[in-house]
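Visitor: Respectively, the protein sequence lines represent chains A and B. Here the UniProt record's numbering is used: position 238 in the first sequence is 238, and no number is missing along the way. Here the UniProt record's numbering is used: position 353 in the second sequence is 353, and no number is missing along the way.
Simulated from the structure, these hints should not be mistaken for laboratory data. The model shown is predicted, which means the values in this text are computed figures rather than measured ones. A few of these clues could be false.
Label pairs and their in silico Cβ distance ranges [unchecked claim]:
1. B:257 / A:33: 40 to 50 Å
2. A:121 / B:114: 31 to 41 Å
3. A:150 / B:257: 51 to 61 Å
4. A:160 / B:217: 36 to 46 Å
5. A:155 / B:194: 54 to 64 Å
6. A:207 / B:217: 13 to 23 Å
7. B:202 / A:155: 49 to 59 Å
8. B:108 / A:33: 54 to 64 Å
Every residue gets a Cβ at the ideal spot worked out from N, C-alpha and C, and that includes glycine.
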Amino acid sequence: MTTLVQTLFNGLALGSVYALISLGFTLVHKASDAVNFAHGSLLLLGGYLVAVLHTSLGFPGALVVAAAATALAAVTVGQLLRAARAQGAAVPTILTIGVDILLFTELARRIGTDVLNLGDPWGARVASFAGVTVAQARVASLVAAVLLVAAFLAAFRWTRWGLAMRVNASDREAAALMGARGERLRASAWALAGLLAAVAAVFLTAFPTPGLDRTTGQVALKAFPAAVVGGLGSVGGALVGSLLVGLAEAFSAGYQDQLSPLGSGLSDVAPYLVMVLVLIARPQGLLGAKESSRV
Amino acid sequence: MSEPPARRRLGPALLAVGWLVLLLPPFYLSAFWLQTGLFAMAAVIAAIGLNLLVGTAGQLSLGHAFFLAVGAYGYTWLAGSPAADEGLSGLRLPPAVAFVAAVLLTGVAGALFSPVSGRLRAMYLGVATLALVFVGQHILLNATSVTGGFNGRSVPPLTVFGFVFGDTDDGLTVFDVPFGGLERLWYLGLLLVAVASLLARNLLRGRPGRALGALRDSETAAAVMGVHPARYRAAAFTVSSMYAGAAGALLALVFQRIVPDYFSLGLSMSFLAMVVIGGLGSVGGAAAGAVFVTVLPQLLGHFADRIPLVVAPGSTGTGLDASDAADFLYGAALVLTLVFAPDGLAGLLRRLRLPRPRLRAATPQTSAVGEPAVGDTLKEQTL
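Isolated chain B (complex conformation):
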């Protein structure tokens, strides 16, 4: 309502162009970059989900690595076939059904935690969810017939109506480009990201998003307005864990083999970093933060020989290991964002887009009213 008409038309147009550009990489990029892109897409889905919880509901969760694991292993177990010699079990469901069921299974896991997730607030929930990561690791290592134990388990490829999202020799080529597993998964990933962000946008702009934002800003006021705090918190946690489940299942398809080590506390922390760097409460911000945190280590590792002070992982040269360098960079980005630009990349962009004269004239109240037009939630005005 406050944006000039020309700009209002420009936004969707830019978005459409962006999506079209995202259709191109399988024709130009190498397998390495396609894989990096797919990791980023999985991270985007999980980050959007976590953002619902952290940014909108104001709850903290360090348990996302666990829910990713539930999605990944859930899919693998449901779609996998039993292998008696390795002591593995599996339900041999059609992979497409298994994918959906894995997401639902993650939702059930999230809902089971609701006695805790509904009743604890913000940082207390953050400590409680540590339990999910560590107990989850314990289960992954010990439930060997489902997870394959320490060495992990290979992931059956996804097939939808006979079309295989994996490396097969059916000789599919599009415009002279052979379409292997990564190229096919790329489009599946894009589809999932699109669905995930649309759902999140609708949730945030509708009644649930308003309710959660109100709950974050003042529990008492929200309860008086008819928002049931425990129910809404538990629901946000459950929805957020389902996002993580979808991300985990996609990740499993890209990895083709999943090991428990990957789903560590560090992974949870990196998701939190994505959401904060991108901007709490913004869907686009979460996506940007996820791309930043995921692509950074790959970028540094790939160009290690051309960046000063950084050496490739495992090399003997003096300098910073590329993955360490990436950890430093995103840790620093997290700290600097919180200290200097608490609303993240999305906030920086928003500040750039606001016309300057209005910014100077506007009182806090009027800018708060103008906010929903550009942002996804009511901006936190409370101190």
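With the rest of the complex left out, here is chain A:
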């Protein structure tokens, strides 16, 4: 029973971090019609900046600067994508892969084989209630993610910016005619994605994870299946998918003894297995709209 509760909690905490990543990913997809494969490297950039800056600026200062810088980098990638937008659906996506190669090579070169500490205030402290022991960092990640996602959803639902984003995603031309500024909307989506990625980097590398290393960006890629499971382009789907993927990963880690015939390290691939299973049943994802074309 304790294991179950603990696993459930871990899954929710993990899912909440994935939600931050896949939300940014979905926003970018809505705004630029591209799958952003550079997202993992942007997250690595955010984490790396926090790791480098936290000694001189303190953790909060470092996080603010890192989030701003990552947002700026993301906007730059978005601007670069404009150049390739006219050349077919897959081209901007491939472009993000090129950006990913460049960004990752530079960051991996700087990080080397080190494991960096991000200097977060929770450290290795744990909290226990009702016989269940959990890392404080995970509680913090859950709280932060819920707050950020709630703030985003509220803005998406009730502000003019949110309205413009939704219109722009469903009909770009109509949105432009109504006075929505496509360029600014696109930039804001990319900036938000970068910001969320930097925050996610902190929680992804907090205790019990040893810290930030060059593979952190690849860990963040697990948010891709989350977005796809929910249905790419659907904000609600990204959130549902993230929780599902987080839970799948936590359960395959928590019950790995029972799952040992499937090999060690199953939890690392659980998100991808969930994605393939969902795609076989529903190619458009759980909450994605089925594509139809009118002749």
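Given the coordinates of chain A, assemble chain B onto it according to the supplied hints.
Guide: Here is chain B on its own, set in the frame of chain A:
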């Protein structure tokens, strides 16, 4: 039809000369360069296959590292002999049979993915194929009796009718040059590249190529013309994975020992870079891109001491590690190609070859009609 007769005769002649020149390296080059060349050949085969999928069908795949692994490990397992002390199993098939079977096995693996590959479009498939790479890594590390686990497994040499494509002491020399494993594999590699590119050309110029191009440009229009979208997409994915399987088996023969680490997401990304740099939709372009991306790190590493800012891998000097420098260069090449020359090296060449006055006079429609004579597919005219 639009090329002047002299030029039309020049093209095949140049191609023939090129192939003849490719027969020479085993007599002149050192083992290092022969190995580099063989890596390039394996990459060329995989890139041609990926190009069928990405360039012609407009589908994105990041799963090619997985299919290379299936080809490589498939061959090794089918041809390998069981070693009880290391806990390895093997079917001990004749290596030539194992090579063909490995390619077919990769095709089966690709076909098994068709519920996903047939129904997802372009970039969505790209995300879905991430699963292949990561789940593939998991299998490679855990199915130790087949793959040897983390430390990998050594690859039995290929023998065809008693002729060994590997290092043996049968003292074979040709024109006073001792023919070891690499020299022999060189010709096997050339043969495979020739077969692969011929097959791809025929596929692209025939009905399947037209159908896939139509599907890429407009799914609705293609479906109305009788092209079954899911079936054709799944078929393109399967054929493309078989190319990767052949490349993987060749790579295994060159490496002589294969480890799971090699078949990573980075490898898939580099294949995508090859196809884009070379030019989407062109067989020759894919080959050129593959040579560029494969040979670049070897070139930089080999001449590190003579190139400013670059140092040899593992050295303590200040400067860019050669493999990092190569990653930067091909990443940048990928980005610059997409931004400034979206049809890649093949497109640049095509633009050079078009007579200038026609270029100025031609409207988009007439250039589209003239295209099949020089290109391999109908060029994408849609925005």
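Visitor: Each hint needs a verdict: does it hold in this structure or not?
Guide: Results of checking the hints against the structure:
1. At about 44 Å, the beta-carbon gap between residue 257 of chain B and residue 33 of chain A stays in the expected band of 40 to 50 Å.
2. Hint check: residue 121 of chain A to residue 114 of chain B, Cβ distance near 50 Å, so the stated range 31 to 41 Å is violated.
3. Our hint of 51 to 61 Å for residue 150 of chain A and residue 257 of chain B holds, since their Cβ atoms are close to 53 Å apart.
4. Hint check: residue 160 of chain A to residue 217 of chain B, Cβ distance near 38 Å, so the stated range 36 to 46 Å holds.
5. Distance hint check: the CB atoms of residue 155 of chain A and residue 194 of chain B are about 59 Å apart, consistent with the given range 54 to 64 Å.
6. Distance hint for residue 207 of chain A and residue 217 of chain B: a CB-CB separation of about 52 Å, inconsistent with the stated range 13 to 23 Å.
7. Checking the proposed 49 to 59 Å range against residue 202 of chain B and residue 155 of chain A shows it holds: the Cβ atoms sit about 55 Å from each other.
8. For residue 108 of chain B paired with residue 33 of chain A, a C-beta distance near 34 Å fails the hint of 54 to 64 Å.
Consistency note: the structure conflicts with the earlier hints numbered 2, 6 and 8.
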